[in-house]
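*Asks:* Chain by chain, the residues:
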Amino acid sequence: MRWGMVINLAKCTRCHGCVAACRIEHFLPLRLTWPRLVALEVDDGFSVDVSTYPVRCNQCKEAPCVQVCPTEASYKREDGIVAVDHNKCFGCRYCVIACPYQNRTYLSRKRSVNYFPGHATTGFEKKGKDLYPHVPGTTEKCNFCMERIDAGLAKGLKPGIDREATPACVNTCQARALTFGDLDDPYSNVSKLIREKNGFVLHEEYGTEPSVYYIDYRLGGALSNKAPVDAQTGHHMQHLSTVYAPSKPKLAKKYED
Amino acid sequence: MNARTARQWMVPHEWMIKPMAQTEWISGKGLLVWLAEVFSALGTGLYLVSIFFALGSEFEVTAFWTGILGWIGVAVFKLPLHFLYLGKPWRFWRAFPPFSNAWRTSWFSRGIVFTIIFLGFAAVQLVLQGLIAYDVASGTGIDVANYIFMFLAGVCCVITSIYCGFAMSYCKSVPFWNTGLLPFVFLLMAVADGLALIMGVGLVTGEDVIPSAESATRILLIINALLIIVYLVNANYQSVTAELSVKELIRGRVAWVFWLGIVILGIVVPLVISIVSYFTGAEASAGLLVFAIICHTIGAFSLKYGVLKVGIYRPILPKGRAY
Ligand code: SF4
Ligand code: SF4
Ligand code: SF4
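In order, the protein sequence lines correspond to chains A and B.
Heads up: the first sequence begins at 1 in the working numbering, then just goes up one per residue.
Heads up: the second sequence begins at 1001 in the working numbering, then just goes up one per residue.
This is chain A alone, in the form it adopts within the complex (with noise of 0.2 Å):
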């Protein structure tokens, strides 16, 4: 069994409904994001294109976070999953500069601060200190819900199909952009998904395995990944991948069109 997702990014149309999910599930504090939509409008003159990629912890099969992590605290479960014990990371942040997806986020004091900083904590908040307490100094990433899934597990309920045993931004996400399931099923939602609709995965070369799919009519290249057009939210709303944009622009002229 490996847990997998496949995020249809024709079908996304960045209401940020995964990000509040994730939030509110996992009471992340308030500098911290576990998934992330990575937004882009470019414009080539005579078009605007728009693209919206959700990208979360690719819980990848050969993850380089985990054979860095000196104390062990980044680890593999034998469902695919790749887990931070907060109990052990002792905040070295290797394997924060070692993931290639950049997915890993440093719990800093900074961070780690009050909704409304200078005012009282909310309820929600002292809620999260109980339910889920996040460790300052240690490092964070997405667990693909893995309480969920447990908790649902042991009630014999089917991740990614049930409800209470699917990730939270699954549940929430209203375009029915993002599918949960087992990769190791060849039959199950996400195998087939990714099989009729050439699932890609982000940056393959490195050799990663990645657990989570994406699904591009574009990127794809096959007619089957055209989405329907009543699944996009305008006209406007096309996807292409990034544009050079260079931390430095006057460095980067020769890469310019």
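Hint data in this document are derived by calculation from the structure and do not stem from the laboratory.
Watch out, some of these pointers could steer you wrong.
Result set (BS3-like, lysine-lysine): computed pairs, CA atoms no more than 25 Å apart in a straight line [to be verified]:
{"hint": "1", "chain 1": "A", "residue 1": "K76", "chain 2": "B", "residue 2": "K1088"}
{"hint": "2", "chain 1": "A", "residue 1": "K110", "chain 2": "A", "residue 2": "K88"}
{"hint": "3", "chain 1": "A", "residue 1": "K127", "chain 2": "A", "residue 2": "K110"}
{"hint": "4", "chain 1": "B", "residue 1": "K1172", "chain 2": "B", "residue 2": "K1018"}
{"hint": "5", "chain 1": "A", "residue 1": "K11", "chain 2": "A", "residue 2": "K126"}
{"hint": "6", "chain 1": "A", "residue 1": "K11", "chain 2": "A", "residue 2": "K129"}
{"hint": "7", "chain 1": "A", "residue 1": "K88", "chain 2": "B", "residue 2": "K1029"}
{"hint": "8", "chain 1": "B", "residue 1": "K1088", "chain 2": "A", "residue 2": "K129"}
{"hint": "9", "chain 1": "A", "residue 1": "K158", "chain 2": "A", "residue 2": "K192"}
{"hint": "10", "chain 1": "A", "residue 1": "K88", "chain 2": "B", "residue 2": "K1088"}
{"hint": "11", "chain 1": "B", "residue 1": "K1029", "chain 2": "B", "residue 2": "K1018"}
{"hint": "12", "chain 1": "A", "residue 1": "K61", "chain 2": "B", "residue 2": "K1172"}
{"hint": "13", "chain 1": "A", "residue 1": "K76", "chain 2": "A", "residue 2": "K158"}
{"hint": "14", "chain 1": "A", "residue 1": "K11", "chain 2": "A", "residue 2": "K76"}
{"hint": "15", "chain 1": "A", "residue 1": "K126", "chain 2": "B", "residue 2": "K1088"}
{"hint": "16", "chain 1": "A", "residue 1": "K110", "chain 2": "A", "residue 2": "K76"}
{"hint": "17", "chain 1": "B", "residue 1": "K1088", "chain 2": "A", "residue 2": "K110"}
{"hint": "18", "chain 1": "A", "residue 1": "K76", "chain 2": "A", "residue 2": "K61"}
{"hint": "19", "chain 1": "A", "residue 1": "K129", "chain 2": "A", "residue 2": "K158"}
{"hint": "20", "chain 1": "A", "residue 1": "K76", "chain 2": "B", "residue 2": "K1172"}
{"hint": "21", "chain 1": "A", "residue 1": "K61", "chain 2": "A", "residue 2": "K126"}
{"hint": "22", "chain 1": "A", "residue 1": "K88", "chain 2": "A", "residue 2": "K76"}
{"hint": "23", "chain 1": "B", "residue 1": "K1172", "chain 2": "B", "residue 2": "K1029"}
{"hint": "24", "chain 1": "A", "residue 1": "K127", "chain 2": "A", "residue 2": "K88"}
{"hint": "25", "chain 1": "A", "residue 1": "K110", "chain 2": "B", "residue 2": "K1172"}
Starting from the known structure of chain A, fit chain B with the ligands onto it as the hints suggest.
*Replies:* Below, chain B with the ligands alone, put in the same frame as chain A:
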């Protein structure tokens, strides 16, 4: 995609689509990592050079004090600086076996373990070296024991010196570091640092280490300069992100660190001083030597700073042109 302009909307995730530099190991508290790595280079370089000079009987006192300085560089500066950087410093023991088996895959873990072993072996060796240097004890037994511990500490010292390069070169996320050359650049620079500093120790002890140290420095600095050029040329053709790192280093905001710190103060000035003394046949004056040592040490600080500072992440999103 023929994009003329690109506007990026969500600033907090900028690093994911733009080639942005890593900050964890160089900004804010990350400066401690930089300093720790500099002291690692200076300390291990000093110790390696000290055992080289300890092999003969001419420079026993200089070798002893150089070794002591190297040991202090690692034990009193490098390790505590690393320790202070950790988010949860008091959990440092978790990196060591038997509490963790991470040494099998993690260069960080290997490095820390070997640093501690190095300090243990080196401490014993330095006691023996001190006894020999100050004629407190002598005989074949103590000499053999000294050589054995010298060998053991030397091997661990090389690993201590080189592991940071391996730890960085393991990161596919940062193409500029992701090359097997990095550990060797660091190791050779560390030895050159040690050679420069032993001249200072020689000035104090009065032993004539300067001619040998100078001729070794001369060769090593030339090799280092070539190695750095090869490194940069290699990175330049490796990937677009690594190329951007090279540009940032030689033409970007940290260009002054590269040109002034690494090239001029770290390599050119010490090299010119040693070449001039080679051709004139006269030893450089004490003042000039101290100046060369200071320049070289600034070079050591600059090298690590520059390399860490231009460690640019390869953006995560797929695109037509490979990053
Ligand atoms: S995406 Fe990054 S944090 Fe997640 S498993 Fe892969 S390497 Fe680790
Ligand atoms: S920050 Fe924590 S989880 Fe990451 S490598 Fe260091 S000890 Fe491991
Ligand atoms: S799978 Fe769970 S932890 Fe991961 S982004 Fe979604 S809600 Fe957050």
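*Asks:* Against each hint, give a clear statement of whether it holds in the structure.
*Replies:* Checked hints:
| no. | hint | in the structure |
| --- | --- | --- |
| 1 | A:K76 x B:K1088 | 22 Å, holds |
| 2 | A:K110 x A:K88 | 21 Å, holds |
| 3 | A:K127 x A:K110 | 21 Å, holds |
| 4 | B:K1172 x B:K1018 | 16 Å, holds |
| 5 | A:K11 x A:K126 | 36 Å, violated |
| 6 | A:K11 x A:K129 | 35 Å, violated |
| 7 | A:K88 x B:K1029 | 21 Å, holds |
| 8 | B:K1088 x A:K129 | 19 Å, holds |
| 9 | A:K158 x A:K192 | 17 Å, holds |
| 10 | A:K88 x B:K1088 | 9 Å, holds |
| 11 | B:K1029 x B:K1018 | 24 Å, holds |
| 12 | A:K61 x B:K1172 | 16 Å, holds |
| 13 | A:K76 x A:K158 | 21 Å, holds |
| 14 | A:K11 x A:K76 | 30 Å, violated |
| 15 | A:K126 x B:K1088 | 23 Å, holds |
| 16 | A:K110 x A:K76 | 29 Å, violated |
| 17 | B:K1088 x A:K110 | 15 Å, holds |
| 18 | A:K76 x A:K61 | 8 Å, holds |
| 19 | A:K129 x A:K158 | 29 Å, violated |
| 20 | A:K76 x B:K1172 | 20 Å, holds |
| 21 | A:K61 x A:K126 | 35 Å, violated |
| 22 | A:K88 x A:K76 | 14 Å, holds |
| 23 | B:K1172 x B:K1029 | 23 Å, holds |
| 24 | A:K127 x A:K88 | 24 Å, holds |
| 25 | A:K110 x B:K1172 | 28 Å, violated |
Checked against the numbered hints given earlier, this structure breaks hints 5, 6, 14, 16, 19, 21, 25; the rest are met.
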